[in-house]
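A.B. asks: With chain A held as given, fit chain B onto it using these hints.
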Amino acid sequence: MDNVYKPELMEVLDVHQHTADVKSIRIKFKDPGKANDFSFRVGQFGMFSAFGAGESTFNICSSSNWKDFLEFCFRKTGKVTDVLWRLDPGDTIGFRGPYGNSYPMEEWEGKNLIFIGGGIAMPPIRCAIWYALENRDKYGGVTVVYGARTVGDFVFADELDQWAEKERTRVIRCVDPGGETPDWPYEIGLIPHVIEKARIPADNAVALVVGPPIMIKFTLPVLDKMGLAAKDVYTSLENRMKCGIGKCGRCNCGPVYVCKEGPIFTLEQLTQLPQDY
Amino acid sequence: MSQTLSHEDLLKLVDGCLGQGKVVAGPTLVKPDLCAYAALRASDQLVLKDFIHPANSIKGFFFPRHEPICVYRLNGNDVELEDVDPPKTEQIIIGVRPCDAAALPILDHVFNWDYADKFYNERRENTTVVTLACTDYDDNCFCTSVGLGPAAEKGSDAMLLPLGDGGYEVRCFTDKGKALFEGKTTPSDKTGSASEGPARKIDVKWIEEALEDDYENPAWKTISLRCLGCGACAYNCPTCHCFDIVDEGDAAGGLRVKNWDSCQFGQFTVHASGHNPRANQGQRQRQRIQHKFRIYPEKFNEILCTGCGACTRNCPVALGVLNTLEALRAAAAPDTSEVG
Chain A
0 MDNVYKPELM EVLDVHQHTA DVKSIRIKFK DPGKANDFSF RVGQFGMFSA FGAGESTFNI
60 CSSSNWKDFL EFCFRKTGKV TDVLWRLDPG DTIGFRGPYG NSYPMEEWEG KNLIFIGGGI
120 AMPPIRCAIW YALENRDKYG GVTVVYGART VGDFVFADEL DQWAEKERTR VIRCVDPGGE
180 TPDWPYEIGL IPHVIEKARI PADNAVALVV GPPIMIKFTL PVLDKMGLAA KDVYTSLENR
240 MKCGIGKCGR CNCGPVYVCK EGPIFTLEQL TQLPQDY
Chain B
0 MSQTLSHEDL LKLVDGCLGQ GKVVAGPTLV KPDLCAYAAL RASDQLVLKD FIHPANSIKG
60 FFFPRHEPIC VYRLNGNDVE LEDVDPPKTE QIIIGVRPCD AAALPILDHV FNWDYADKFY
120 NERRENTTVV TLACTDYDDN CFCTSVGLGP AAEKGSDAML LPLGDGGYEV RCFTDKGKAL
180 FEGKTTPSDK TGSASEGPAR KIDVKWIEEA LEDDYENPAW KTISLRCLGC GACAYNCPTC
240 HCFDIVDEGD AAGGLRVKNW DSCQFGQFTV HASGHNPRAN QGQRQRQRIQ HKFRIYPEKF
300 NEILCTGCGA CTRNCPVALG VLNTLEALRA AAAPDTSEVG
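As given, the protein sequences belong to chains A and B, one line each in that order. Each residue of the first sequence is one higher than the one before, counting from 0 in numbering that gives the first Met the number 0. Each residue of the second sequence is one higher than the one before, counting from 0 in numbering that gives the first Met the number 0.
Among these hints, one or two may not hold up.
[Stated by the list, open to error] To give an idea of the chain B side of the interface with chain A (calculated C-beta under 7 Å), a few residues:
{"hint": "1", "residue": "Asn76"}
{"hint": "2", "residue": "Asp77"}
{"hint": "3", "residue": "Val245"}
{"hint": "4", "residue": "Pro276"}
Hints were generated in silico from the structure; no laboratory data involved. Even glycine gets a Cβ: it sits at the ideal position worked out from N, Cα and C.
Just chain B, same shape as in the assembly:
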């Protein structure tokens, strides 16, 4: 027996949670034609069909783009520091693509090795992630190439699988998922389904091997010639987690904040002396791909990529992980073009 829920009951559940003061987020039209994950004011803003992938990822609900980490007050030659606690509000994110949810267990490693980031961890604790299995995919999707898929359970507390009639089969994987749907679903003999997902496009083993001694590969330069270094790939990536720490305030005091940053920015690694170890965009592209497919797997045994394709969809010059890897593979292939 499966458990099912109609779309109307799901919307009631959303309104119920909103009524209890919880944050409920999900895919919504933030502008006409722009679907992105955002906090909802009412259930009718939730969009659960007719999109492949929202423009952004859900990482901002755990690791906000801009987050105070402490308050400082300047008082003559004295300074007062005040701890900042992340909001305790319970968060529910509904309609998450499996590739976005899968990023969470991957990010857990970096935010907890040796030093635990309480801001990330507390938000993670207070958040229930309800995924929506994919029934379609586009050219930019490559979840199946990185060991995931349209109904991958990684990082999900519960999953909605669309039924033909507009309702969902609900599968709960964790206590948080069970608590959310307890008493809301109906036993049924119907089962939801997901698409088969895109055919495998890249071989992860090949990438790891190709990146092994790849620091001086001239292909990086050719690939990145058209890169603008805008960082849209990193900001919309569910797994990119680089950040900056800066003080924002005035003569009386202010906030110390963590802000998203990106390895694609030219000043990211500049030394105080002016020397920059990654002085050109090719080196910065190499860093991003190396971090995802070699450095992170070596450290934490997980690829820092879920195949969501957001990097490519958001790239103004059609780069992104998939196209970069394909260009790298093309550069490595023996030249079979005819001479003359």
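Bound-form chain A, shown alone:
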């Protein structure tokens, strides 16, 4: 019988520092057979090991179209991420996954996509943005609204320019008031206000909103006002997990195990759940 808790060994290919405390890491399977067999869907997550420190849960933030490597992104905030922070290309980490459900990218075909992210929440949106832009014909307009506290807090900032150049794609970036520099050419303001001002068409649209609870709380009423139904607003929950496979008993929101039935939920589903997130 297989050991479901045993990670696969991964080689670190590249490390990219985005902000003072956020890095993303590109990894590949050491075992070529595993690399060939592996596939995932955007929105799924993995358990990433820094051996000696432990395992942590991160979204796989690369597109599922990229076959040669995986990427994940983290803020240096605890025991495991302290070790991940010190990794260099050539180092070894562990990976288990993919786990959880995923964005319904097929269901979203033919629709306008609105991606809204705050701060470190861009990675779980980024995989879906790339996936949509790589299958550009299948989707309507793509709008990305990305807000950060200061101009130094954008993650994958260089990719925002690449997205903005794609056809039928609009990128709106904003910083909290006071977080701007004198030469900041983009919006200043909180995400909910910026969305309202941007007059994004909401017909035939779905929105993916990921960010700190406070941002989500104030963004949802704006989306409602725009006319988006609760079933068309998606988010990704980030409850603490240990096993990732429905056994260790900590990620549930009432009757729902986030690791198995999530992490992706619609607002309509979330309103049925207790506030265990």
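C.D. replies: Here is chain B on its own, set in the frame of chain A:
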């Protein structure tokens, strides 16, 4: 015709199994006045009378408190992983209370949905569970309220029912049970008996309904005011199965281990951001009761509680499932006290 076995022959059977290198466990006095399930060195350590329920449960023989799941070796920027296999030793647990054995088929679900936990499954395969029907009960027992009873067969490979003369009637339910007692028992016309068990104390239907929309019930806070969050309820519970995964080692390597954990601990659900969805003990008590009586039944059609009462017996402030549910029911009842 029934099959019977004298106490002396049972002890011989235990010594025989020990002699074959098998692990034999059962209720034993781990300290004077403290009866708990533990591995035996000799049959004279086995205690089969004068206790209601051992302090702990038998889950540790299937899902140990601390269990290596793989070995890692750090070598420069390379890592070597080595698989760990659970011990293949045959285990026999004798004198198990029916409420503890009943937990095993219940736990089988969670350790096997989608992903099968080989550590649990292999131990389960290698273990024979011999229950001892209850002849007595105490105030904390409530097996009859959750569909079980003093001679419930669920999870048993064989059952011993005490006879008046110190021997047992032996009933075998599975091939493992039959194999253990094959040729050891004597046909007899005597039958063992169990107690009637405690009167039904809680109505499971009521609990399920009461928990339906119960997330904001202020009663949780009042009930849990005296809870210390020590987790004794969960650790001694036959069905609680939450665990943590951590690395234990040094600069050269170490073990990745599964350790028991509990939803009653404050840090159990803390996010990396510091946000804690279950920040107070009331929410954590609610989670434990909800998991047992609503979430698990919804997922697997079984209540995650066998009515053993270990949570209450081990609780330093007399909480536990039964008292919590009774407090919840009292909070829900219309206030009939006179005014003025």
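A.B. asks: So, for every hint listed, does it hold in this structure?
C.D. replies: Now for the hints, and whether the structure bears them out:
1. Asn76: Nearest chain A Cβ about 4 Å off; hint holds.
2. Asp77: holds, 6 Å
3. Val245: Since the shortest Cβ distance to chain A is 5 Å, the answer is holds.
4. Pro276: holds, 5 Å
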